[in-house]
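S.K.: Letter by letter, the chains look like this.
There are 2 protein chains.
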Amino acid sequence: MITGKNYIGNNQSAKGNKTYKTFNPKLNLENASVFTEATTGEINETVNLASKTFKEFQNIPGIKKAEFLNAIADEILALDDELIQVYCSETGLPEGRAKGERGRTVGQLRTFADLVIEGSWVEATIDTAIPDRQPMPKSDVRKMMVPLGPVVVFGASNFPLAYSTAGGDTAAALAAGCPVIVKSHPMHAGTGELVSSAIIKAAQRTNMPNGVFSNLNSSGIEVGVQLVEHPGVKAVGFTGSIRGGRALFDLASKREEPIPVFAEMGSINPVIILPNALKERGMQLASTYAKSITLGTGQFCTNPGLLLGIKGEELTSFLNELSGEIVKIEPSCMLHPNIIGAYESNKDRAVSQSGLTITADYDSDVQTNFARQTITTVEGKTFLENPTLHQEVFGPFSMVVQCEDAKQMETIISRLEGQLTGTVISEEGEASHYSDVIAALQNRVGRVIFNGVPTGVEVCPSMLHGGPYPASTDSRFTAVGIHSIKRWVRPLSFQDWPNEILPNELKDENPLEISRLINNENTSRKI
Amino acid sequence: MITGKNYIGNNQSAKGNKTYKTFNPKLNLENASVFTEATTGEINETVNLASKTFKEFQNIPGIKKAEFLNAIADEILALDDELIQVYCSETGLPEGRAKGERGRTVGQLRTFADLVIEGSWVEATIDTAIPDRQPMPKSDVRKMMVPLGPVVVFGASNFPLAYSTAGGDTAAALAAGCPVIVKSHPMHAGTGELVSSAIIKAAQRTNMPNGVFSNLNSSGIEVGVQLVEHPGVKAVGFTGSIRGGRALFDLASKREEPIPVFAEMGSINPVIILPNALKERGMQLASTYAKSITLGTGQFCTNPGLLLGIKGEELTSFLNELSGEIVKIEPSCMLHPNIIGAYESNKDRAVSQSGLTITADYDSDVQTNFARQTITTVEGKTFLENPTLHQEVFGPFSMVVQCEDAKQMETIISRLEGQLTGTVISEEGEASHYSDVIAALQNRVGRVIFNGVPTGVEVCPSMLHGGPYPASTDSRFTAVGIHSIKRWVRPLSFQDWPNEILPNELKDENPLEISRLINNENTSRKI
Chain A
2 MITGKNYIGN
12 NQSAKGNKTY
22 KTFNPKLNLE
32 NASVFTEATT
42 GEINETVNLA
52 SKTFKEFQNI
62 PGIKKAEFLN
72 AIADEILALD
82 DELIQVYCSE
92 TGLPEGRAKG
102 ERGRTVGQLR
112 TFADLVIEGS
122 WVEATIDTAI
132 PDRQPMPKSD
142 VRKMMVPLGP
152 VVVFGASNFP
162 LAYSTAGGDT
172 AAALAAGCPV
182 IVKSHPMHAG
192 TGELVSSAII
202 KAAQRTNMPN
212 GVFSNLNSSG
222 IEVGVQLVEH
232 PGVKAVGFTG
242 SIRGGRALFD
252 LASKREEPIP
262 VFAEMGSINP
272 VIILPNALKE
282 RGMQLASTYA
292 KSITLGTGQF
302 CTNPGLLLGI
312 KGEELTSFLN
322 ELSGEIVKIE
332 PSCMLHPNII
342 GAYESNKDRA
352 VSQSGLTITA
362 DYDSDVQTNF
372 ARQTITTVEG
382 KTFLENPTLH
392 QEVFGPFSMV
402 VQCEDAKQME
412 TIISRLEGQL
422 TGTVISEEGE
432 ASHYSDVIAA
442 LQNRVGRVIF
452 NGVPTGVEVC
462 PSMLHGGPYP
472 ASTDSRFTAV
482 GIHSIKRWVR
492 PLSFQDWPNE
502 ILPNELKDEN
512 PLEISRLINN
522 ENTSRKI
Chain B
2 MITGKNYIGN
12 NQSAKGNKTY
22 KTFNPKLNLE
32 NASVFTEATT
42 GEINETVNLA
52 SKTFKEFQNI
62 PGIKKAEFLN
72 AIADEILALD
82 DELIQVYCSE
92 TGLPEGRAKG
102 ERGRTVGQLR
112 TFADLVIEGS
122 WVEATIDTAI
132 PDRQPMPKSD
142 VRKMMVPLGP
152 VVVFGASNFP
162 LAYSTAGGDT
172 AAALAAGCPV
182 IVKSHPMHAG
192 TGELVSSAII
202 KAAQRTNMPN
212 GVFSNLNSSG
222 IEVGVQLVEH
232 PGVKAVGFTG
242 SIRGGRALFD
252 LASKREEPIP
262 VFAEMGSINP
272 VIILPNALKE
282 RGMQLASTYA
292 KSITLGTGQF
302 CTNPGLLLGI
312 KGEELTSFLN
322 ELSGEIVKIE
332 PSCMLHPNII
342 GAYESNKDRA
352 VSQSGLTITA
362 DYDSDVQTNF
372 ARQTITTVEG
382 KTFLENPTLH
392 QEVFGPFSMV
402 VQCEDAKQME
412 TIISRLEGQL
422 TGTVISEEGE
432 ASHYSDVIAA
442 LQNRVGRVIF
452 NGVPTGVEVC
462 PSMLHGGPYP
472 ASTDSRFTAV
482 GIHSIKRWVR
492 PLSFQDWPNE
502 ILPNELKDEN
512 PLEISRLINN
522 ENTSRKI
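Protein sequences appear in the order of chains A and B. Counting in the numbering used here, the first sequence runs without a single skipped number right up to 528 at its last residue. Counting in the numbering used here, the second sequence runs without a single skipped number right up to 528 at its last residue.
Bear in mind the hints are in silico, worked out from the structure with no lab data behind them. There's no promise every hint is true.
It does not matter which identical chain is used: a pair holds within one copy or between any two.
[To be verified] Under the rule of at most 25 Å between Cα atoms (straight-line distance), these lysine to aspartate or glutamate pairs were calculated in the DMTMM-like manner:
hint, residue 1, residue 2
1, K56, E411
2, K487, D475
3, K53, E322
4, K65, E522
5, K27, E119
6, K508, D364
7, K139, E83
8, K508, E428
9, K312, D406
10, K527, E380
11, K27, D349
12, K6, E46
13, K508, E522
14, K508, E96
15, K255, E429
16, K382, E257
Model, not experiment: these values are computed from the prediction.
Produce the complete structure using the sequences and hints provided.
M.R.: So this is what it looks like as structure tokens:
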């Protein structure tokens with residue numbers, strides 16, 4: 002049952018008088034539940050509780066954290082149909098997507114549980130003493146990762162489960178030993194509360210300290226601002242717009258004690274279609290890309306918003322085919338009237354630029370909040386000269402850039418802002434003739450894809466979801482996969498520390514049997 | 002021979018008309034060489050050259066980078082006595098220290114050479130495809146670290162070799178594949194130019210692309226500001242004051258594309274002396290700490306500026322002994338009149354605070370620019386209530402805080418700003434009775450030391466030199482040891498990328514024979 006209250010640790014609280022509702026975009030109606038925004042008092046109470054809890058939670062063994070993470074997964078599944086229904090009513094997304102995303106969310110939680118049970122993720126590094134070294138004895142020094150402290154998570158509008166309340170950021174932070182405070186996304190506050198109730202149940206069931214997780218409601222920016230500025234908060238995870246992510250980054254950077262903000266933000270995900278590929282399978286590519294551009298109503302951060310080819314007959318045929326294919330696809334609902342509003346205005350901004358031509362625009366009637374997919378095209382030179390054309394249009398929109406030649410393509414790629422992904426479509430052996438273009442692409446993105454589509458982010462250790470700014474605020478970290486835990490930890494060194502008071506990860510006898518770097522050798526042996 | 006010119010890659014340039022000289026603090030005289038500050042034109046030329054060079058340098062194999070790094074070490078040694086003399090004339094530091102620091106610098110360069118020859122530092126991670134996975138096939142995804150781009154290094158006043166021109170930041174960045182631009186430290190510009198000449202010789206001898214290294218002179222802040230704000234610069238390393246590091250961090254955070262700044266800054270390095278240790282060996286500790294506080298005229302970032310004990314007879318005896326011991330030590334020269342000027346004024350600020358008592362102050366005549374060592378003491382409550390007393394006094398100065406009890410000691414520790422180090426002095430078995438104090442210490446520092454002194458930073462993989470702000474601007478990284486390379490790299494993922502155009506580190510056949518994480522298993526095998 003949705004109460005509309007905040008979770009301050011295990012306690013529900015609603016002291017404020019600012020309330021709001023979520024919206025069902027398919028029905029074009031407000032949902033019934035009323036949510037109460039957190040007050041300054043509640044925010045302070047939450048952060049203070051998290052800071053206090055951190056002292057205990059940071060030392061909880063991996064096996065206990067894993068129980069907690071697995072229990073969260075179980076409790077999310079136990080929410081069953083109620084969660085799926087609320088999810089759909091708050092997003093306009095279909096049930097299949099809801100279930101798929103729930104599966105991914107549960108999978109992420111269990112992956113982090115496995116990671117902390119295994120335990121080697123702490124990167125234990127040991128250099129043993131050399132007491133008789135000349136001219137100075139060498140101390141025993143040991144190092145491992147320790148959690149940063151309370152982490153604030155801002156969920157994504159487009160992933161109400163996998164990148165929100167119990168999503169990747171939360172799972173990684175809890176696995177690291179950081180208490181989590183979620184700033185609930187206002188568009189899916191009900192989904193957020195249900196998932197929060199699952200986390201709280203799991204925390205109580207596995208005897209986690211009160212305050213390991215909190216969920217604060219907010220319809221505007223005030224709650225988020227106060228959280229990021231609170232001295233007790235030690236790091237921030239965010240998934241959303243460049244404007245939102247940058248605002249949080251700026252706040253965090255201006256603090257007396259600056260804190261890291263990992264914001265995964267905008268991307269237009271350039272796709273380079275090389276000439277032979279265009280020639281050999283332009284028609285098939287047009288069909289594949291029509292589907293990728295409209296997948297999830299274009300609301301994936303990896304949506305291909307920019308397709309680059311070399312000008313000519315084949316590119317024209319591809320463009321015509323893509324334009325023809327995409328309007329055959331049934332339009333679908335966007336997440337919220339604000340999201341479709343932004344889609345329409347960003348599209349207007351793009352198409353009002355001189356030199357941009359619309360080649361496909363779904364023109365039949367559509368239901369309210371359903372998005373019309375659009376394909377546009379522009380000359381390479383025009384694109385290069387007008388940075389407005391480089392800006393993301395979040396939704397089922399893409400732009401085909403007709404480059405003069407490979408050199409111009411390379412220049413365009415190298416002048417793009419940082420991107421999450423870059424894709425190369427190539428026939429066998431063709432890519433090696435475009436090594437400068439591909440090198441330029443690698444320097445601008447976090448992930449390069451060969452002969453595929455950028456939509457779809459596999460959750461695996463080798464996934465990098467992030468990239469040069471503004472794809473993310475720090476290209477040195479990923480938002481997806483086990484290595485995303487590194488955002489929330491720091492190394493701590495112990496010099497000549499007695500074995501009995503060392504953390505288990507660093508003890509001589511290696512009681513956790515983890516892999517460690519001992520005197521520059523990877524090993525699971527004791528000392 | 003010192004020319005006073007800038008190095009823009011391999012070319013020497015001095016187009017500006019702003020000049021300056023370095024200073025010999027021991028002789029209290031300016032040195033002869035005249036240095037020409039870089040102009041805006043020279044700065045732009047340098048960064049543009051570095052950006053161009055990056056395209057080539059980022060792909061140079063580890064074995065070639067290692068040749069370059071080892072050649073730098075060789076060329077620094079070949080500078081021989083000229084380097085040592087110039088070093089001493091610009092710092093007032095003794096020859097032994099110059100030679101020791103040179104050894105460390107050369108050692109760091111060779112360590113990074115070994116690291117990139119071995120090659121596993123790129124953290125190659127491979128998840129192989131599962132084409133028949135249901136409901137969706139799994140792609141082949143591979144990930145490795147790639148360099149960020151041109152890095153600007155600001156050297157330290159107190160480490161003219163090991164943390165300056167060819168110091169830890171430069172060695173790590175070059176090893177990573179990032180071109181380096183050094184903003185030469187004005188206090189040791191001659192040392193910097195000589196080392197730069199060694200780097201340039203090494204670069205030419207090992208056929209590195211022109212622009213892999215540059216050195217720009219500057220006596221003020223303008224050159225540094227322009228470098229950090231230049232869009233071609235992708236990361237910054239800094240060692241120095243909180244004010245300087247924070248200013249660069251703020252500039253970098255405000256850029257259109259924010260870039261990471263790793264600044265290693267201030268620290269007062271708290272030392273906790275537990276009661277039994279004080280009782281059993283207070284006298285010996287007093288002598289040890291008198292030496293540690295005055296080591297290098299107190300000009301180490303790990304200098305113990307804060308000693309905490311529990312009030313009582315034993316602490317009083319320790320304080321008296323420490324005060325007696327420290328004034329027996331001959332005062333020594335500080336790096337520069339500005340440094341001793343800051344020492345004196347910071348000491349004045351501290352001792353003017355109500356409740357602080359001076360217990361030792363070297364009062365015989367000293368030579369100009371020689372520092373008088375000082376010990377002070379204060380009640381725990383007074384220290385807790387006055388944050389001015391928490392500020393660093395860079396130099397041979399320390400404060401003994403007399404805590405009421407362990408609880409007050411814990412409170413004091415938990416309210417300190419972030420520190421590089423924290424030390425616990427304990428008799429056997431004693432520390433376990435102070436677990437709250439020690440836990441608080443671990444949360445405020447980058448390295449904890451048991452029964453030692455914080456001065457002395459071993460260069461080894463398990464060393465963490467850094468810590469919570471303001472010890473550094475990002476506690477997730479270290480400035481010392483092989484893992485410091487992580488500051489200058491980001492992960493890049495390759496999805497379904499053809500084997501023949503994959504980097505060698507990720508190829509099926511593992512031609513570099515590096516250790517990789519393949520399907521979650523650490524292995525050096527082929528695929």
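S.K.: Does each hint hold? Answer for all of them.
M.R.: Hint-by-hint comparison with the structure:
{"no.": "1", "hint": "K56 to E411", "result": "between (51 Å within a copy, 13 Å between copies)"}
{"no.": "2", "hint": "K487 to D475", "result": "both (12 Å within a copy, 13 Å between copies)"}
{"no.": "3", "hint": "K53 to E322", "result": "neither (60 Å within a copy, 39 Å between copies)"}
{"no.": "4", "hint": "K65 to E522", "result": "between (29 Å within a copy, 24 Å between copies)"}
{"no.": "5", "hint": "K27 to E119", "result": "neither (44 Å within a copy, 57 Å between copies)"}
{"no.": "6", "hint": "K508 to D364", "result": "neither (68 Å within a copy, 48 Å between copies)"}
{"no.": "7", "hint": "K139 to E83", "result": "neither (61 Å within a copy, 31 Å between copies)"}
{"no.": "8", "hint": "K508 to E428", "result": "between (54 Å within a copy, 20 Å between copies)"}
{"no.": "9", "hint": "K312 to D406", "result": "within (7 Å within a copy, 78 Å between copies)"}
{"no.": "10", "hint": "K527 to E380", "result": "neither (64 Å within a copy, 45 Å between copies)"}
{"no.": "11", "hint": "K27 to D349", "result": "within (23 Å within a copy, 70 Å between copies)"}
{"no.": "12", "hint": "K6 to E46", "result": "within (15 Å within a copy, 58 Å between copies)"}
{"no.": "13", "hint": "K508 to E522", "result": "both (16 Å within a copy, 23 Å between copies)"}
{"no.": "14", "hint": "K508 to E96", "result": "neither (49 Å within a copy, 40 Å between copies)"}
{"no.": "15", "hint": "K255 to E429", "result": "neither (50 Å within a copy, 44 Å between copies)"}
{"no.": "16", "hint": "K382 to E257", "result": "between (45 Å within a copy, 24 Å between copies)"}
The structure shown violates the earlier hints numbered 3, 5, 6, 7, 10, 14 and 15.
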